[in-house]
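Asks: Sequence:
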Amino acid sequence: MKKLIIIGFDGTIADTSPGILYCMNTTAITMGYTPVPHEALYNIIGVSLEQGFIDLYGMKPDEIDYAMNNYSKLYSMKGEEMILLYDGIDDSLRRLKESGCSLAIATQKNKKFITNILGVYKNVGEQFDKVCASDVDVQLEKRDMLRIICDELGVPVEESVFIGDSYVDAQAAQEVGMDFVAALYGLGFRTEQETEHYPNCRACLNSAKELYSKLSAL
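For the numbering used here, count along the sequence shown from 1 and bump the result up by 8.
Hint data in this document are derived by calculation from the structure and do not stem from the laboratory. Some hints could be false.
Computed cross-link-like contacts, BS3-like style, restricted to lysine-lysine with a CA-CA straight-line distance of at most 25 Å [what the hints assert, rightly or not]:
#	residue 1	residue 2
1	Lys-86	Lys-119
2	Lys-117	Lys-217
3	Lys-117	Lys-138
4	Lys-105	Lys-130
5	Lys-119	Lys-81
6	Lys-117	Lys-130
7	Lys-86	Lys-117
8	Lys-86	Lys-105
9	Lys-217	Lys-130
10	Lys-119	Lys-130
11	Lys-11	Lys-68
12	Lys-130	Lys-120
13	Lys-86	Lys-130
14	Lys-105	Lys-222
15	Lys-81	Lys-120
16	Lys-11	Lys-138
17	Lys-119	Lys-105
18	Lys-81	Lys-130
19	Lys-217	Lys-105
20	Lys-117	Lys-81
21	Lys-11	Lys-217
22	Lys-11	Lys-130
23	Lys-138	Lys-222
24	Lys-11	Lys-105
25	Lys-117	Lys-105
26	Lys-105	Lys-138
27	Lys-217	Lys-138
28	Lys-138	Lys-119
29	Lys-222	Lys-11
30	Lys-68	Lys-105
31	Lys-120	Lys-138
With the hints as extra help, turn the sequences into a complete structure.
Replies: If you want it as C-alpha cells, here you go:
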C-alpha cells in the first residue's frame, strides 16, 4: 500500500451536487439567468466555481464577484446541509488510517466550507492528516495541491496516490508523476474506458466501499 493517500472531496468522499446546483441556480435566478438541470454539472467537472458560472450561465466577468458572494452566503446556510456522504466512505477511511498510511484531502472547495463540513462529519474529518483547499486570496491548481501535501507530509509523489472522479484529477496526478485511482461513482468518470487515456490510472472504484481493498493491492 502507498504511504500517502490523497483524496478529492466532491464526487469522491461526498455527493455535493444537490447543494452546489441549488446555490448556483438560485444565484443565477436572482441575476436574471435561466436555471440549468442537474446534468449540466457534468460539463463543469473540475473547473473553478467562477468558471462554472461563466460556462453554465454565460455570466460576464464583472458579474462574478456578486455571484460568488451570493453563492457563499447560500452555501453556508443551505448547501452544506445537502451534502450526502457516499455509502461506506467512513469505514473505508478508518481502515486505511488503521493500516498506517497518511490521508489527505485535495479540493478546490473553499477552505471555510470544507472546514465546516468536516467539523460536522467528525468521523470522516478526524481521519485526515492534511486538508489542502482553495482560499479567498489563493486559487491553487490540483497539481499544486498534490505537491504541497507531499512536501508538508514528507512523502515522495512516487509513494503517494490520488483518488479522484474526473479527468482534471487524473491529469493533475499525471503532471506530478503520481499514481491515480478513478472513482467511477462520482460526477466525472462513468466507465473504465474513460480512464484508459491516463497511463497513471492504477485502478477504478465502483463504490466508496472498495477504497480499502483496491488500495491495499497497489
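Asks: All hints, please: hold or fail.
Replies: Now the hints, each set against the structure:
Using a Cα cut-off of 25 Å, the hinted pair Lys-86 and Lys-119 holds, with the two alpha carbons roughly 17 Å apart. In summary, the hint linking Lys-117 to Lys-217 is supported, as the alpha carbons are separated by about 23 Å, within the 25 Å threshold. As the CA atoms of Lys-117 and Lys-138 are separated by approximately 15 Å, the hinted pair is consistent with the 25 Å bound. A hinted pair counts as satisfied when its Cα atoms are at most 25 Å apart, and Lys-105 with Lys-130 qualifies at roughly 14 Å.
Simply put, Lys-119 and Lys-81 have alpha-carbon atoms about 14 Å apart, close enough for the 25 Å limit, and the pair holds. A C-alpha spacing of about 18 Å is found between Lys-117 and Lys-130, which places the hinted pair at or below 25 Å, so the restraint holds. A C-alpha spacing of about 16 Å is found between Lys-86 and Lys-117, which places the hinted pair at or below 25 Å, so the restraint holds. Of the pairs offered as hints, the one joining Lys-86 and Lys-105 is violated, with about 31 Å between alpha carbons and a cut-off of 25 Å exceeded.
Our distance criterion of 25 Å between C-alpha atoms is met by Lys-217 and Lys-130, whose separation comes to about 19 Å. With a CA separation close to 16 Å, the supplied pair Lys-119 and Lys-130 stays within the 25 Å bound. Straight-line distance between C-alpha atoms of Lys-11 and Lys-68 comes to about 44 Å, which puts the hinted pair past the 25 Å bound. Annotation: proposed proximity of Lys-130 to Lys-120 holds, straight-line Cα distance about 15 Å (limit 25 Å).
Of the supplied pair hints, the one linking Lys-86 and Lys-130 holds, its CA atoms being roughly 19 Å apart against a limit of 25 Å. A distance of roughly 15 Å separates the Cα atoms of Lys-105 and Lys-222; the hinted pair therefore holds under the 25 Å criterion. Proposed proximity of Lys-81 and Lys-120 is supported: the alpha carbons are some 12 Å apart, at most 25 Å. Restraint check for Lys-11 and Lys-138: the C-alpha separation of about 14 Å stays at or below 25 Å, so the hint holds.
With a C-alpha separation of about 23 Å, the suggested pairing of Lys-119 with Lys-105 holds against the 25 Å cut-off. At most 25 Å may separate the alpha-carbon atoms for a hinted pair to count; Lys-81 and Lys-130 meet this at roughly 23 Å. Distance hint between Lys-217 and Lys-105 is fulfilled; the C-alpha atoms sit about 15 Å from each other, no more than 25 Å. A hinted pair counts as satisfied when its Cα atoms are at most 25 Å apart, and Lys-117 with Lys-81 qualifies at roughly 14 Å.
A C-alpha spacing of about 20 Å is found between Lys-11 and Lys-217, which places the hinted pair at or below 25 Å, so the restraint holds. Taking the CA atoms of Lys-11 and Lys-130, the gap is near 23 Å; set against the 25 Å cutoff, the hint holds. For the hint pairing Lys-138 with Lys-222, the CA-to-CA distance comes to about 22 Å; that is within 25 Å, so the pair holds. For the hint pairing Lys-11 with Lys-105, the CA-to-CA distance comes to about 10 Å; that is within 25 Å, so the pair holds.
A distance of roughly 23 Å separates the Cα atoms of Lys-117 and Lys-105; the hinted pair therefore holds under the 25 Å criterion. For the given pair, Lys-105 sits about 13 Å from Lys-138 by alpha-carbon distance, which is consistent with the 25 Å threshold. Between Lys-217 and Lys-138 the alpha-carbon distance is near 22 Å, which keeps this suggested pair within the 25 Å criterion. With a CA separation close to 12 Å, the supplied pair Lys-138 and Lys-119 stays within the 25 Å bound.
At most 25 Å may separate the alpha-carbon atoms for a hinted pair to count; Lys-222 and Lys-11 meet this at roughly 14 Å. Of the supplied pair hints, the one linking Lys-68 and Lys-105 is violated, its CA atoms being roughly 45 Å apart against a limit of 25 Å. For the suggested pair Lys-120 and Lys-138, the alpha carbons sit about 15 Å apart, so the restraint of at most 25 Å is met.
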